[in-house]
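Q: Chain by chain, the residues run as shown.
Number of protein chains: 2
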Amino acid sequence: MLIRKATDKDQEAIWEIAREVIATAEGLVFYPDSSKEKMLDFWCNPKRHVYVTEIEGEVLGTYFLCDNQPDMGSHVANGGYMTHPKAGGKGIGYAMGEHSIEEARRLGYRSMQFNIVFKSNERAVRLWQKLGFEIVGELPEVVDLPNLGLTNAYVMWRRV
Amino acid sequence: MLIRKATDKDQEAIWEIAREVIATAEGLVFYPDSSKEKMLDFWCNPKRHVYVTEIEGEVLGTYFLCDNQPDMGSHVANGGYMTHPKAGGKGIGYAMGEHSIEEARRLGYRSMQFNIVFKSNERAVRLWQKLGFEIVGELPEVVDLPNLGLTNAYVMWRRV
Numbered sequence: 000m001l002i003r004k005a006t007d008k009d010q011e012a013i014w015e016i017a018r019e020v021i022a023t024a025e026g027l028v029f030y031p032d033s034s035k036e037k038m039l040d041f042w043c044n045p046k047r048h049v050y051v052t053e054i055e056g057e058v059l060g061t062y063f064l065c066d067n068q069p070d071m072g073s074h075v076a077n078g079g080y081m082t083h084p085k086a087g088g089k090g091i092g093y094a095m096g097e098h099s100i101e102e103a104r105r106l107g108y109r110s111m112q113f114n115i116v117f118k119s120n121e122r123a124v125r126l127w128q129k130l131g132f133e134i135v136g137e138l139p140e141v142v143d144l145p146n147l148g149l150t151n152a153y154v155m156w157r158r159v
Numbered sequence: 000m001l002i003r004k005a006t007d008k009d010q011e012a013i014w015e016i017a018r019e020v021i022a023t024a025e026g027l028v029f030y031p032d033s034s035k036e037k038m039l040d041f042w043c044n045p046k047r048h049v050y051v052t053e054i055e056g057e058v059l060g061t062y063f064l065c066d067n068q069p070d071m072g073s074h075v076a077n078g079g080y081m082t083h084p085k086a087g088g089k090g091i092g093y094a095m096g097e098h099s100i101e102e103a104r105r106l107g108y109r110s111m112q113f114n115i116v117f118k119s120n121e122r123a124v125r126l127w128q129k130l131g132f133e134i135v136g137e138l139p140e141v142v143d144l145p146n147l148g149l150t151n152a153y154v155m156w157r158r159v
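Taken in sequence, the protein lines are chains C and F. Here numbering that gives the first Met the number 0 is used: the first residue of the first sequence is 0, the next is one more, and so on. Here numbering that gives the first Met the number 0 is used: the first residue of the second sequence is 0, the next is one more, and so on.
Note that these hints are calculated values from the structure, not bench results. Among the hints, erroneous ones may be present.
Remember, identical chains collapse to one label, so a pair may be satisfied in a single copy or spanning two.
[Unchecked claim] Calculated pairs, SDA-like style, for lysine to any residue (alpha carbon to alpha carbon, straight line, at most 20 Å):
{"hint": "1", "residue 1": "Lys-35", "residue 2": "Gln-68"}
{"hint": "2", "residue 1": "Lys-118", "residue 2": "Asp-70"}
{"hint": "3", "residue 1": "Lys-4", "residue 2": "Pro-45"}
{"hint": "4", "residue 1": "Lys-37", "residue 2": "Glu-55"}
{"hint": "5", "residue 1": "Lys-89", "residue 2": "Ser-33"}
{"hint": "6", "residue 1": "Lys-118", "residue 2": "Ile-134"}
{"hint": "7", "residue 1": "Lys-118", "residue 2": "Pro-69"}
{"hint": "8", "residue 1": "Lys-35", "residue 2": "Pro-69"}
{"hint": "9", "residue 1": "Lys-118", "residue 2": "Arg-157"}
{"hint": "10", "residue 1": "Lys-37", "residue 2": "Cys-65"}
In this text the structure is predicted, and so the values were computed from the model without any measurement.
Construct the complete structure from the given sequences, taking the supplied hints into account.
A: Next comes the structure, spelled out in structure tokens:
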């Protein structure tokens, strides 16, 4: 498994992953039918550090880091993570999580915060807890999922 | 006191308020020396519903509402509020808070969420509690204030 900075050439692969991930409506707030342009504008915008994970030359995961707030809040990194559903169970999420904590430290951030981890996404919650993130808030009914309706989400945080 | 939608003609007054508010470094994450362009880009961007409060024809307060998250999180409004420091104690903050809850309802939002209410900004915390907002999370050290250093902030939420 290789985790490296993304380049413009990775955009097709990132969109491929995003399309499959949003189709599940399990982890990201974007509608399942969101367009390629919208997803790439979100994921790969210039304010972000974007990474991809390759296995045998195939890009199967991606994550980004960015400032969670401007100025007096810019020492806190926000992150987003996606693994292609067909590549589940290979430890890609865990590896990207570990890598991102290291990268956040290297980039000078003091902590990391996830603003909207769906409570129903139990695998993700467990993964972040295993990686040292704490639940610091529970937001009532802030996600409206196609199957579950209004659902709570966690704010998760750790020092880096 | 009149609360109304902002127009392009209010930009100078909004900047005047923003400049004085960020100078105090008590409530917004922006550096005290942030530029007019940056503040107006933030406050008056096209994704926002912007309002101003006039007393005797003078604009002394402003607030905005916008989606706190895209798509499956877009039923939650985020808001930002500023009152000119010279107009404290007139109830402008409370009036804008009440007005914004009504407006959020009218615009179809289901709830409102503030992502980063400085714990040290006790007046604001009390104001929001009085207006029915609950503390649903406490974020450790997410604000780096010039006088206090790393400071906690609350996430506050209410149904509308």
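Q: Output the indices of the hints that this structure fails to meet, ascending.
A: Violated: hints 4 and 5.
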